[in-house]
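Asker: Which chain is which? The protein sequence lines are L, A and F, in order.
Numbering (our numbering) for the first sequence: 751 to 871.
Numbering (our numbering) for the second sequence: 18 to 514.
Numbering (our numbering) for the third sequence: 212 to 700.
Warning: the hint list may mix true and false statements.
As the list claims (entries may be wrong) - Incomplete in silico selection of chain L near chain A, CB under 7 angstroms:
id, residue
1, Ser789
2, Gln814
3, Gln828
4, Val837
5, Ile839
6, Ile852
7, Ile864
What the hints assert, rightly or not - Chain F regions said to be covered by chain A (calculated; three or more residues, Cβ under 8 angstroms):
id, stretch
8, 353-364
9, 508-519
By construction, these hints were calculated from the structure, which means they are not laboratory data.
The C-beta atom is built at its ideal place from N, Cα and C for all residues, glycine as well.
Chain residues, written in single-letter form:
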Amino acid sequence: MLMELLRLYHYWVFAMLLMIGFYAVVAKPNLIKKLIGLSLFQAAVFLLYITMGKVDGGTAPIFQPGLVNQVFSNPLPQVLILTAIVVGISTMALGLGIVVRIKEEYGSTEEDVIQEINRRW
Amino acid sequence: MVNWSQHLPVLQVIIPMLCAPLVALLQPRSFAWFAATATSLFAFVIAIMITTGVFAGQDYSYNMGSWPAPYGIELGVDAFSAILLLIVTGASALALLAGRSSLDTDIETDRQPFFYAAWLLALAGMSGILVSADAFNIFVFMEISALASYVLVASGGDRRALPAVFKYLIMGTIGATFYLIGIGLIYLMTGTLNLADMELRIHEVADQKPILVAAGFITIGLALKAAVFPLHMWLPNTYTYAPTIVTVFLAACSTKVSLYLLLRFDFFVFQPNLVNHDIQFSYYLMPLAVLAILIASAVALFEQNLKRMLAYSSVAQIGYIMLGASLVSLTGLTAGIVHMFNHALAKGTLFLAVACLATRIPEFRLSDVSGAARDMPWTMGAFVVGGLSLIGIPGTAGFISKWYLISAALGEGIIGIALVAVIVVSSLMALAYIWRVIEIAYFRTPKNSAVTLREAPPVLLAATWTAALANIYFGLVPSLPVSLSSSAAETLMRHVP
Amino acid sequence: MNASNAILIAIALPCIGAPCIALVGRISANLREAVTLVTAIALIWIVWGMLPELLAGGRPSSLLAEVVPGIEIAFRVEPLGMLFAMLASGLWLINSIYSIGYMRGNREPDQTRFYFFFAIAIASTIGVAFSANLFTLFLFYELLTLSTYPLVAHKRNAKTMRSARVYLGILLTTSIGLLLPAIIWTYRVAGSGDFTPGGVLQGKLEGPAIGLLLGLFIFGIGKAAIMPVHRWLPAVMVAPTPVSALLHAVAVVKAGVFTITKIIIYIFGIDFLAAEPSGAWLLYIAAFTIIAASVVALRQQNLKRLLAYSTIAQLSYVVMATAILKPLAVMGAATHMVSHAFGKITLFFAVGAIYTASKKTEIHELRGIGRRMPWTMAAFTIGAFSMIGVPPTGGFVSKWYIFAGAIEADNYVAIATIILSTVLNAAYFLPILFLVWFAHDESPTAKEHGEAPFAAVLALTITAGLTLALFFFNGPVLELAAQLVRSSP
């Protein structure tokens, strides 16, 4: 039982990273830290995809003459996640851009300070 | 001879997407506006052509780059996507057509080309979700439309939009990532991303637990993006502080596209495969829908800001759609889908009327619209029509959805009577919050009665009244949305065992 | 012009008239009122032109649109609807004449808006009268509520705003909350909401469910002002008098009792309901409303409020007569709609004329006013006699039939109610008549005044004449009412 759980260690890594990221998003008042959390959150999912593509004993799926009965890893999840990474980077860039604008307008990147300013306004 | 019509689904997405960078380069802004509006209108025409094709029974499955279906990316259009394509492209075209003067007050002139580019990207993304039959492809389109929407919301001059859009971004990304986890798990178990293929292959999977977890992730992720109560926290401020024309666009379609995806995924992939999933679906979503309807309507009742009031009303209306869907019956789904269309009409009209007000009134506290009907009778007239449609007065589009919804609820026995009571009570709450605005606008004396406001610009007004008259037209002759919705509901119900 | 086109034209005519009124209203007030009168006359011509065909047994119908399969916007003229449409179109003309006198005499603002929404309200009323199924009826019923809202709120101050809110609130709450579910329920159970002689629910519903559905309908139709949903009627007394006349005599409350009568006859079916004990409560609640409203009316000091409670009582007469479920009583119900309309519009015109001439609204101020305004007060007297049911007025005819129906049914509750309420009616109208004709005006500061403007006096003389005429020349009305009973086996 224990070995079974340990053998699935990459899922544990995925789950822990996911929860750490999620915790940061929810609990940290600083907007930058929230974004870092969001980034971790997404990275965890990338790991999930990448690990699932691995086939035991498989190599990179590059066809060469003379290869017979060669086991390949599944390349599709990696392709997918390449796209997801691009999406993630765009999100991060936009998020940081918004934080910069917030800093300009409110002079702070702390959530509670911004809320206070909005309430008084 | 090349058969053009089969390429329509891909053109629907590709045209706005390719035009977006071109629009960004166009100067001066009036060219950019013209190009974006023309593109949007063209997309609307394509959507109409697709709809006529769907009525004619044409099969729209399309293999991108001619790669056959489970391996390549498949596009497909049926009645369900057609009705949403009509909503999305129609709302976009009307809002852009109307919005020029309103946007001039909200957005700096030299940044407008970028704004229009982002608009077209959002349009392309939403259309992409609607035509795609590939789960991962849908994720990419979802993020394209989401990123573009964040830009649209943040582009106004109001600084309070920034924290709102930050929240929207965080919640939206979490929702999309949940969806990604869900399809990852399904891929893990089945090795496919094609929706039709998934339906068949999940059946063969012996261990259903990961599928159940995937269903949970996908449902919650999409519910977050669709602002299903209690995951609606991002919505009110986003709608309130976005430029009003953007609110028109988003309120009419963005949440509905996510709802579309939620229903499509659930009914196509999970309902046929998971044991008792229809009961789980009802048990989890019906209470949420009821709470959404009652609580959000109650909040709207006490809200002092006009735009935020309408935003909370949107949360309640999403509840109606969910309520119809959660009955998992033919009439229920028809009611839900028809309400997507009718609510887009009603809320579009209301927000367009608010956009008319916005050209003359800087703020949207209810006290700011005191006596507005004296100087802006046409604007307030359209507001009244939109409001009546929202309440569900006969002769307006909103009534048709109420009729179907009550009809569907009455088919459910004892619990149905309670649901009818909920629908009725919330209609009355809608009456109360809409009439509050009408009384203030018609009966109070203007704050500054010496100043006469001018009526809104004629183009904006014309668009607002087009939407208002559409409410009446589709209230009296609702055959288009009703036949599309019932055929969509039939398609969905075919997958329920 | 064939009859099915005539139906559509009858509804379209005021709808076309309304924008014309709005357009010419900016140019000239005279032109605007001319348009109103011309439209009203044209409407009478069209509506009354259908009468011969109807009397010959024809039932013209017209399908406007099929909204969704099974649910249509369709019209069908039958005796009760014909009676109602003739009443509404005829009284619109008289009311317009009166409005010209009243609105100008009181220098009311926004008169164009008044005439505009008045025309829309009449169009909705004709739509209610001719509707062939529940869906169409509901459509026009709600349109009537909404189009009368601006009329009730005509003065646009805080007080009218509150009253109009009560008006709209009660009517929309009841119609959305109760009537709409009842209608959808009917469609689901019976598969159709068409008004069919003999009803559509026969064999489709049984037991207490019938009583429940009846309750949803009766209290859903807030316009009929059955207690406890009567509160809006006294509240809307703030509106100008022609609007009160519209509400009380021409359109709104009549649309309410019309709808109830039509639903009982054509949806439930008289025999079906008579055989079902769970629907019997309707008669008692109607009887209670009659007595309670009459008692409340006794205590009113404001003339308009008194008339409002009198209306509530008289409406319940119609409902009670229908609920007796006997042919003679149903004939009485149809006739009473007409006689009450003539009588009550006369009373309201008189009250408005008093207000225009002297600004008096309370009963105790009316001492000796009969000498200053003989025409007006003579008409008032005729109206009051009709309310009590004294011959030779229309009220006597309808009460006669209701009474005959009650005796036929051996219904002692109904008989007792009619007798008691006649006594009560006399008790609150006769003191006023005495005050008006025989008391001396002792207040030294009394303002000198004569009759109201000519147009107003003309209108109320006509309606008083009609009230008397209904006693002597009631052939077509009774013939239509008899057809109504015959057509429902």
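Asker: For which of the previously enumerated hints does the structure constitute a violation, in increasing order of number?
Answerer: Hints 1, 2, 3, 5 and 9 are the ones this structure does not satisfy, whereas the remaining hints hold.
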